[in-house]
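Number of protein chains: 4
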Amino acid sequence: MALKAGVVGAAGYAGVELVRRLLEHPDFELAAITSDSDAGVALSKIYPAFAGITDIEFSNHDTDVLRECDAVFLAVPHTAAMSRVPDLLEAGVSCFDLSADYRLKDQATYEAWYAPHTSPELLERAAFGLPEITRAELDRAAADRAAGTPALVACAGCYPTATSLASYPAVSAGIVEGVVQVQAISGVTGAGRKCNERTHFCGADENLEAYGAGTHRHTPEIEQILGLPGRIVFIPHLAPLGRGLLSTVTMQLTEQAAADFSLAAMLERYTAFYEASPFVQVLPEGVLPRTKSVQGSNCAHVGLAWAKETRTLIGIGAIDNLCKGAAAQAVQCANIVFGLDEQAGLAHMANPV
Amino acid sequence: MALKAGVVGAAGYAGVELVRRLLEHPDFELAAITSDSDAGVALSKIYPAFAGITDIEFSNHDTDVLRECDAVFLAVPHTAAMSRVPDLLEAGVSCFDLSADYRLKDQATYEAWYAPHTSPELLERAAFGLPEITRAELDRAAADRAAGTPALVACAGCYPTATSLASYPAVSAGIVEGVVQVQAISGVTGAGRKCNERTHFCGADENLEAYGAGTHRHTPEIEQILGLPGRIVFIPHLAPLGRGLLSTVTMQLTEQAAADFSLAAMLERYTAFYEASPFVQVLPEGVLPRTKSVQGSNCAHVGLAWAKETRTLIGIGAIDNLCKGAAAQAVQCANIVFGLDEQAGLAHMANPV
Amino acid sequence: MALKAGVVGAAGYAGVELVRRLLEHPDFELAAITSDSDAGVALSKIYPAFAGITDIEFSNHDTDVLRECDAVFLAVPHTAAMSRVPDLLEAGVSCFDLSADYRLKDQATYEAWYAPHTSPELLERAAFGLPEITRAELDRAAADRAAGTPALVACAGCYPTATSLASYPAVSAGIVEGVVQVQAISGVTGAGRKCNERTHFCGADENLEAYGAGTHRHTPEIEQILGLPGRIVFIPHLAPLGRGLLSTVTMQLTEQAAADFSLAAMLERYTAFYEASPFVQVLPEGVLPRTKSVQGSNCAHVGLAWAKETRTLIGIGAIDNLCKGAAAQAVQCANIVFGLDEQAGLAHMANPV
Amino acid sequence: MALKAGVVGAAGYAGVELVRRLLEHPDFELAAITSDSDAGVALSKIYPAFAGITDIEFSNHDTDVLRECDAVFLAVPHTAAMSRVPDLLEAGVSCFDLSADYRLKDQATYEAWYAPHTSPELLERAAFGLPEITRAELDRAAADRAAGTPALVACAGCYPTATSLASYPAVSAGIVEGVVQVQAISGVTGAGRKCNERTHFCGADENLEAYGAGTHRHTPEIEQILGLPGRIVFIPHLAPLGRGLLSTVTMQLTEQAAADFSLAAMLERYTAFYEASPFVQVLPEGVLPRTKSVQGSNCAHVGLAWAKETRTLIGIGAIDNLCKGAAAQAVQCANIVFGLDEQAGLAHMANPV
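Respectively, the protein sequence lines represent chains A, B, C and D. The numbering of the first sequence is this note's numbering, which starts it at 261 and goes up by one. The numbering of the second sequence is this note's numbering, which starts it at 261 and goes up by one. The numbering of the third sequence is this note's numbering, which starts it at 261 and goes up by one. The numbering of the fourth sequence is this note's numbering, which starts it at 261 and goes up by one.
By construction, these hints were calculated from the structure, which means they are not laboratory data. Take the hints with a grain of salt, since some may be wrong.
[To be verified] Here are the in silico distance ranges between beta carbons for each label pair: (1) A:S432 <-> B:T314: 26 to 32 Å; (2) A:G434 <-> B:R327: 55 to 61 Å; (3) A:P376 <-> B:E457: 56 to 62 Å.
Because the structure is a prediction, the values reported are computed rather than measured. By construction, the Cβ of each residue, glycine as well, lies at the ideal position given by its N, Cα and C atoms.
One chain only, chain A, in its complex shape:
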């Protein structure tokens, strides 16, 4: 019997990608998709790619159907998730939140970057959703769920996902000193469905720009995942493509680590680290990731380079910001939490060209 799934905020970009993934998932049955602004409207009317595939209509956010689901995925802005999760958990629904609301373990940090937290008691219970790095937390949530306590998974942000995959194996080796610079570039779907000067085609086309330089909210999240409090400077950029996110991390090695350094050995460390993951590919020496290679798929490509003169290890991660950076990774987390095949509904590869 299929597991029932619901998507809150299904009219947004991450939300509709979730809908697509769940429709193609062999074990989940899509029970409800909600949107405040588009309630009552057919999904295929807003997203014609669904024409002939499903007649499903958006429901209102407060639909009771959500409470009958096994899993609800929330793709609404921060604070909006916080207002719904406690009730859903209460009703026995496992929640997979794509917002930042439950990602940061430290309430004060969350509140410094976002807003007052209305259910901080759930922070400890929340499992951080970046399987290749926080698998233990997801396994714990899976065990809890099997024992009767619905899971709460705080799915990682897009920039933190690509950044961490590109740097965690090196950072966790304890060989990186000082500040770590993260410069990332994202396609415009990362900016969301709302229209403004920046997301208007005529603003984004043929343009490159940085935004939130050094002040972006993903900074504390990256610091938390990598265990580098106060040591991350993060600068996101916008480029003229739809989907795709490339994160380039510069890590200065300690003098000792640099003296011994072998790029081949580090690539082996990365490869071993991601051995068990069906989704992360560590590219051969000399080959750097291309976002197009993973577009539309839950895969991540990771590559390394070594700038010997400055003792800088460069880690680069490429993902599709809506897939591995949001919706597909959320489904991957749900697969783990529900004890399903980790690749269920996630097998389709990127267009080769």
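Got chain A; can you put chains B, C and D on it based on the hints?
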């Protein structure tokens, strides 16, 4: 036991899309992929999207493995297919040719537009591969194959596919008079993998142009499918996107047909015509096709508009030129010929955004 | 002493292109730029390309400065222009309107396609602004202005400009029969500054679609310019680029004209027709226009092709929809009306790559 | 009497941009444009934007006309320039080299990164061409030329230009410690006219990738300009746009400098530093550069941000890689060397949208 499939010309764009489709196909096992220029090279080296998915390497075009396949898909330029198909058929291999070599029933027409034909005796046997319109030919080929005669399917060209889907139900009603104008726009993958001024990013980006205006080789093919010899003027255009093809057909109705005309009724006719097809969607009145809605999928979206003043019925068809316009449609044809589920390996929908 | 110019609706795309042209114009001095929504804001704040170039701020639409100008360019939506032009003319200001308000000579036609006309008495006086075709009207307006009556110029629309340049010399030869099909493609700046699903980068990127098929307001305008009432079917399309517009016109020649037809001769006729124009280039036989070749400039490239079988002459015109299709052409009209060098402020060529 | 100019390598992207600049230059007359592969071909045949503007044809690289020019601009690959410059200087021609051949003051450094130097004796004489930073060298070359010794100007590379403009005022204050990270993104024109997998539209479109990470040849050039030998790690990226280059520089300040740091004060320092430059705009606090704002113009926009926690000053520079990053800057250098108005031929601003 899985059917063995081979792809000749697998390093080109249509070829590599075939590879991806066959890798994901539940009933076909990819036995060989060939390329003259890249023989011996790993597929994932040329197309990194395959990294971690397959280790397969390109073989030389003349590999014996092809002769052991149940089906061979040829994605090589015209005349190149002609030189290989007879031998493959002889060896019992069903051939699915993506070139124009066996599409035109009339040898003289083929030779007027392309080159001397080296196996014209096969033209009659060849089944034209546009399932929604030439299903009977494909069913015949399926029956022949089941009876021991390998099939030869000439898969429709990309522009003829979108054009015909957009206009056949109207044209076949016998209500169209005079010349039919076809103006189509394609993304750059349609121009192929070869690099030149036109396909260089800096030539194609931010540019619109027509090419082969009124002289394009797809003209006789469209005339053949629609049964309108000498009545098609076809003008293709290039636009700055990768995949996507939109064909806009203007059909002037006879005075009588125009007097009675009802757009709603014509939409019903189209809908009924494509009822049995899992891949063609006729959009509601007032909604016109968007290529993005079908990108990466084997679907086609068709829409109609009526310009009463000039008695012009406008039919518009949107496809992904590498999918429904080439590789995915070829697989759809193979599914029919081999008696498989018509949607096998073709279920994945377009990215919703 | 410099002529004073004002721009109403200067925050829109055509408006800001006008501002740039007037800032670079040797004979005009920009006295006021107006916007209702951005009054009081610095131009460079909304359009950073002006940083360090000008400090000018938007004024309110009702600023008295407009009444002191020699010329006011109106880049506001239809009906908005109608409400302002009479007063400005009264105050002695020559008006160059980029909306449709005064383009259609026939009031009934305007009202059928747009809205009730509030100053139809001005329709006869209005000079249609497409210099290469309606030069006589502009020369008359110039003479009137010199004699003391301010000019009213209704600048041609973008699609009608490219379409007419591509077809007028042939149509005016009286050799075209039946319905003329116009299929055009435009970049997204043509859709204007307002944000919606269609203009959002993630909606327009990697997408092709038709809109207003057979029902677009530019239909009567094209019919008027070409003198083909009820004989135009016009289908615009949107493609993923910022600026650029390509119009492809299919004209069926009479049997007699077709029998005698020589493409070389027709190209000569076009070349002679545009001889005096510094801005229109008729390309050599076999070369078709590319929008990139004219992007950012007031130039138009025109090319022809001949589909003999169907007696179809194909005319193709490429322009920059904001330049020759709007603002730059308006300045060209002003140059004529004020007796200035026709190329004043319009000499800069397109980026070669 | 007009100065005679020649362009060697005029068929490449930087070369043809030079041709356009010189055609529009009031003081230079274009005497010869050379190309080995396109000798004898009309410029407008390869770059249709020139249709109707000039009939000039490419000459062979060895044309004597070059020796009669006052100035020759070389837009050929490194080592190709080296082979031509000595003769031209000998003939009294001032040379403006867009390659790296004479940029690096230290011969050993050049040879470590490029190739053996065939005229190292010219390295000392060569003036580095980045006016806002190395003005003194250009003034010296101007004086020498006026006194009879032709000038040799080594025009700065594109990445080094944007990078240095974004960081020099801070670095020259002596407050930056350790390694400086430079992550830059460029449009595809930066990769040049040659066609390959990376520059094919279907490779570059909808894709982000890094290349030459930590090993790019512009590293020593950036180190030289900033006076930071061995302290630069430079990672360039490719994004799907034609023209545009954004360089993001992270500079860690010393503890003392950080304690006193005021972003407003640093912006004042930058503004004062570029006061005399008509081309460099320092944006207000909180506003970051957009490449589109300077596309097609010789302008550069510079912005700053401060990440206090990590003591990181972020400098961002946006240019058009073919203009301020190559051809237009070369013309700016020539204007200085020939004692012309520094803005001659360089006044046209970017498209506002």
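Results for each hint:
1. A:S432 <-> B:T314: 26 to 32 Å: 30 Å, holds
2. A:G434 <-> B:R327: 55 to 61 Å: 57 Å, holds
3. A:P376 <-> B:E457: 56 to 62 Å: 59 Å, holds
In summary, the structure agrees with every hint in the numbered list given earlier.
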